[in-house]
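The whole structure should be built from the sequences, with the hints applied where relevant.
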Amino acid sequence: MKLSRRHFLENAGIAAAALAAWKIPKGVLASPAPAASKVATGLPGSMGAKDVPSVCEMCFWRCPIIGKVKNGRIVKIEGNPKSPTNGHRVCARGNSGIQLIYDPDRLKYPMKRVGERGEGKWARISWKEALDEIAYNMEKTRKKYGPSSLALFDHGASAGFYRQIFKGMGTENYTNEPAFFQCMGAVSLAYVMTYGYKIAERVDMSHSKVMLFFGTHLGENAHLGQVREYIAGLQNGAKLIVADPRFSAPSNKADIWLPIRPGTDTALLLAWINYVIQNDLYDKEFIQRNCKGFNELKEGVKGYSMEWAARICDLKLHDIKKAIDMLAASRPHIAIHSGRHSAWYGRGDVQRHRCLAILTALFGAVAVPGGIYFPTSIDLGESDCVECDAPEDVEEPDTSLKDNYPFASYFGSPTAEIIKATRTGKPYPIKLWGIGGVNILHTIPNPYETMDALRKLDFVFSIEILPTESATWADIVLPEANYLERYDKVYVNHDLTPYVTVRQPVVKPLFEAKSPFWIAKEMAKRLKLDCFHCKNEEEYLDEELEDIDLSLAKLNKEGGLVRLKGHPYRDPNKPIKVNTDSGKIELFSGSFDDEDMDPIPKFEPILAPPKGYARLVYGRVPTHTFSRTMNNLWLHNECPEPMLWLNEEVAKKMGIKYGDRVVIVNQDAYRSANLVKVKVTPGIRPDTVYLPHGFGSRSPLLTKAYKQGVSDQFLITRYVQDPFFGGSSHRTDFVKLIKDGKTLDIPELRPVPPEIPRFEIKKV
Amino acid sequence: MSQYAMVIDLNRCVGCHACALACRAEWNVPVPYHRNWVEDLGPEETSEGLSYTFFPAMCNHCDHPVCVEVCPTEPIEKEFRDPKTGKTIKMAAKATYKNPINGLVLIDKDRCLGCGACVDACPYGARYLDDTLDEPKADKCTFCIERLERGEVPACVKTCPVDARIFGDITDKDSEVHKLVHKKGAKSLTSKEVDIGPNVYYLGKKKDIELLFRKCAPHKRTWESVKAPSRRDVLVAAVKKIRDKV
Numbered sequence: 001m002k003l004s005r006r007h008f009l010e011n012a013g014i015a016a017a018a019l020a021a022w023k024i025p026k027g028v029l030a031s032p033a034p035a036a037s038k039v040a041t042g043l044p045g046s047m048g049a050k051d052v053p054s055v056c057e058m059c060f061w062r063c064p065i066i067g068k069v070k071n072g073r074i075v076k077i078e079g080n081p082k083s084p085t086n087g088h089r090v091c092a093r094g095n096s097g098i099q100l101i102y103d104p105d106r107l108k109y110p111m112k113r114v115g116e117r118g119e120g121k122w123a124r125i126s127w128k129e130a131l132d133e134i135a136y137n138m139e140k141t142r143k144k145y146g147p148s149s150l151a152l153f154d155h156g157a158s159a160g161f162y163r164q165i166f167k168g169m170g171t172e173n174y175t176n177e178p179a180f181f182q183c184m185g186a187v188s189l190a191y192v193m194t195y196g197y198k199i200a201e202r203v204d205m206s207h208s209k210v211m212l213f214f215g216t217h218l219g220e221n222a223h224l225g226q227v228r229e230y231i232a233g234l235q236n237g238a239k240l241i242v243a244d245p246r247f248s249a250p251s252n253k254a255d256i257w258l259p260i261r262p263g264t265d266t267a268l269l270l271a272w273i274n275y276v277i278q279n280d281l282y283d284k285e286f287i288q289r290n291c292k293g294f295n296e297l298k299e300g301v302k303g304y305s306m307e308w309a310a311r312i313c314d315l316k317l318h319d320i321k322k323a324i325d326m327l328a329a330s331r332p333h334i335a336i337h338s339g340r341h342s343a344w345y346g347r348g349d350v351q352r353h354r355c356l357a358i359l360t361a362l363f364g365a366v367a368v369p370g371g372i373y374f375p376t377s378i379d380l381g382e383s384d385c386v387e388c389d390a391p392e393d394v395e396e397p398d399t400s401l402k403d404n405y406p407f408a409s410y411f412g413s414p415t416a417e418i419i420k421a422t423r424t425g426k427p428y429p430i431k432l433w434g435i436g437g438v439n440i441l442h443t444i445p446n447p448y449e450t451m452d453a454l455r456k457l458d459f460v461f462s463i464e465i466l467p468t469e470s471a472t473w474a475d476i477v478l479p480e481a482n483y484l485e486r487y488d489k490v491y492v493n494h495d496l497t498p499y500v501t502v503r504q505p506v507v508k509p510l511f512e513a514k515s516p517f518w519i520a521k522e523m524a525k526r527l528k529l530d531c532f533h534c535k536n537e538e539e540y541l542d543e544e545l546e547d548i549d550l551s552l553a554k555l556n557k558e559g560g561l562v563r564l565k566g567h568p569y570r571d572p573n574k575p576i577k578v579n580t581d582s583g584k585i586e587l588f589s590g591s592f593d594d595e596d597m598d599p600i601p602k603f604e605p606i607l608a609p610p611k612g613y614a615r616l617v618y619g620r621v622p623t624h625t626f627s628r629t630m631n632n633l634w635l636h637n638e639c640p641e642p643m644l645w646l647n648e649e650v651a652k653k654m655g656i657k658y659g660d661r662v663v664i665v666n667q668d669a670y671r672s673a674n675l676v677k678v679k680v681t682p683g684i685r686p687d688t689v690y691l692p693h694g695f696g697s698r699s700p701l702l703t704k705a706y707k708q709g710v711s712d713q714f715l716i717t718r719y720v721q722d723p724f725f726g727g728s729s730h731r732t733d734f735v736k737l738i739k740d741g742k743t744l745d746i747p748e749l750r751p752v753p754p755e756i757p758r759f760e761i762k763k764v
Numbered sequence: 001m002s003q004y005a006m007v008i009d010l011n012r013c014v015g016c017h018a019c020a021l022a023c024r025a026e027w028n029v030p031v032p033y034h035r036n037w038v039e040d041l042g043p044e045e046t047s048e049g050l051s052y053t054f055f056p057a058m059c060n061h062c063d064h065p066v067c068v069e070v071c072p073t074e075p076i077e078k079e080f081r082d083p084k085t086g087k088t089i090k091m092a093a094k095a096t097y098k099n100p101i102n103g104l105v106l107i108d109k110d111r112c113l114g115c116g117a118c119v120d121a122c123p124y125g126a127r128y129l130d131d132t133l134d135e136p137k138a139d140k141c142t143f144c145i146e147r148l149e150r151g152e153v154p155a156c157v158k159t160c161p162v163d164a165r166i167f168g169d170i171t172d173k174d175s176e177v178h179k180l181v182h183k184k185g186a187k188s189l190t191s192k193e194v195d196i197g198p199n200v201y202y203l204g205k206k207k208d209i210e211l212l213f214r215k216c217a218p219h220k221r222t223w224e225s226v227k228a229p230s231r232r233d234v235l236v237a238a239v240k241k242i243r244d245k246v
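Chains as they are written, first to last, in the working numbering: chain A, 1 to 764; chain B, 1 to 246.
Hints listed in this document are in silico derivations from the structure and should not be mistaken for laboratory results.
Glycine included, C-beta positions come from ideal geometry on N, C-alpha and C.
Some clues are possibly wrong.
Coverage of chain B stretches by chain A, computed from C-beta distances (three or more under 8 Å per stretch; other residues unrestricted) [said to hold, decoys possible]:
1) 18 to 27
2) 48 to 61
3) 147 to 160
See below:
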């Protein structure tokens, strides 16, 4: 592979050669700053408050915000009007950030475990004792079992700081974001291999003529900038095609809804690719100029007919023809959404998103209005302040957790492999975990295995804001300042109109909560790591901003955000240069071929539900983020528990009525801990049930979320690992329902074609 | 007289609840009450196919507010000033009244007895009795009059991620709301049993409007069965409460 793994990590976000680096030209800063509002606390509501610009973290979409402060208390959060993506708007969660600060269940002090792991019984200790204890255990474990016996699970804005500490300790297990292995690994890899950069959903929906979503449920998934672009697209007259086994919120706004059989998306996409090639619907000039491997693609997909796809996918031939013709008629101004959460079936996930990437290229919908686009490169200064180097004398373990997955190193060690190694000691022992900003028991499939691993550890520490169930397993828990109380890093947005902004404290941290920077700096000091030199966050941020002629002070003079000029579109008369091995868009993936993986996507059937079962799928509600916001007073009030979507015909046959309460039982006989209300609707396939994600907290310390609703995650016990990077699947579990103590089979209304084998339940 | 009104465009609305939360934050509306809220509707069959839409709801600032009708307080003369023209209008107003300048239905909290008659009367369930207060008072959406008076838009309008809430004076023929109602066919939520002139309108696909009306249009003439307590009863209750405290 010419594209080295290190190279990938360094360039993952940015298209390299094609785009010139950005510096702020003189004059940009001359735009008038918004008038500082006079603090007049006598005014009603949020009016007259002091405005502090910052960045949201109620989800990782990270909209620029304004915190409104009266008498030292934050009274409201609004969008930063200078932001080109959200302007003065924030979503339900963004509006509810106040309740994260003032949640009485917050972790207030460093604590030490006094009960069993998982009980959440702790005693208050000092920061000094807590940090000394963590450093002592990290050093002791490393000495006894080697550096890679330490593993970090992280997510969110603070991840970068803690990752440096683990990297500095020499472990190979320092970057293992569940965000990749459980979420966007497959789509990232697919687009990196095709286009040389991580697409990160840069899809120009607002200028598109047709949009295509595969499972993407914008609106229910409230990534605000994207939701705005999608609705702007519709308002500008764009058509919408949605493939989803459920009649999602965007399905309602769609011109064509394709209620596709779960697990068959790649069949439809391959048939479409073949149809486009056979019927000369593709952009020949674009392909010739910019793509590699067209002939191999043509050859590879020629067996996939539309009739075959209609049967495999359980869709109407007329509908799938109409959809692809609709897309072809408007090329290149079509927005084929890349998707984000793509850890669906384990096998075939990367290839599904490769198909989306390839279809996009066939239509030339690349770096044109309405298509996918390249991020504008903005070269921040490189402060080496927080960079910890791995010790030179450390050797990588003989057998790496990444060995079986040729592309795992792009992301880190597969979380499933860390858990396996922790449970079995193979290929080497893992004895210490750090967990920061991620509730792993509600994120990684088979939480029962995760709990088993947690029991086997010598030491586990958690850095959290709330006492989540994952935190309750920690020996030491550190209270982190939340996003409204701290600085983080510089945020550069590379979208259509790029901008630079920073997160900064709107109010002072409550109790003894500390910023991630401070915590990591204190750890580095104790572990004698040669990093975190700069005095404080302000100095670090100024160093980062220096090369684009900015500083924290200058940025704040501009209302906390500076817009830059984007270069999202290509010159149609020039070839584009992309950051792949060949410098071309790779319809045929050389890197995959080198690793004996299919260079052209193929259809691999995903096991169908056993007789009597339906597939469990999940998604988001707009009022919650993952399992993170269920204890938020306001958001809990909006949506305290999810409903289970069940097909109307199926429900009738089972004798289940709207609002009935049932227990869910999966193929491994795991049952939901609580009853769930059934939403009987024609808006879901008969072979599928749908449960919004993240509910059913098992932490008694979360007084509002505890035992509220049913957890999808605790029913996802069977998972399949992705052969490319080792991610773990989430849509490979099957369920029945129990009503009034009686287990009810799910009747099969849509027969499974013989090409799709069924999952077989092993009789014990 | 002007009449403030709102049009909610269901073609834009994604059902995200930002409006409900911005309102809660702006006015510190206590849980579990709502001045404005969102209900999910469907997916259900309609005559135009499946519909999965939303009901963003709030006080309709009706032309014939039945909440005002049932308010048991003594009307007293109040002077209202039009900020645009400087003209004043005198009107006898109860604790709940319809502002003759801008058409807003408002509550004079100092005079509200907390009897709850208006809460029971509203066919839209748009009012609540705030039991978190020592002396419960009726509360509801004001279209953010305090913000309007200072040149700001309502909090829900400001936060709406997709600009689905269009606010303005419906008597002004050049206003967006006027156009959306009179030219684009935005509809207020009424039925043949209940039509009290609501000033919140909904725009959307035929199937979504059909589902909205099927599920959410009021049919019960709720105000007709409301027995407001006599003023004397309320006073006696209040005095008893004070005595209990002492």
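Do the hints match the structure? See the list:
1. 18 to 27: holds (count 8)
2. 48 to 61: Per the Cβ count (4), the hint holds.
3. 147 to 160: holds (count 7)
In summary, this structure violates none of the numbered hints.
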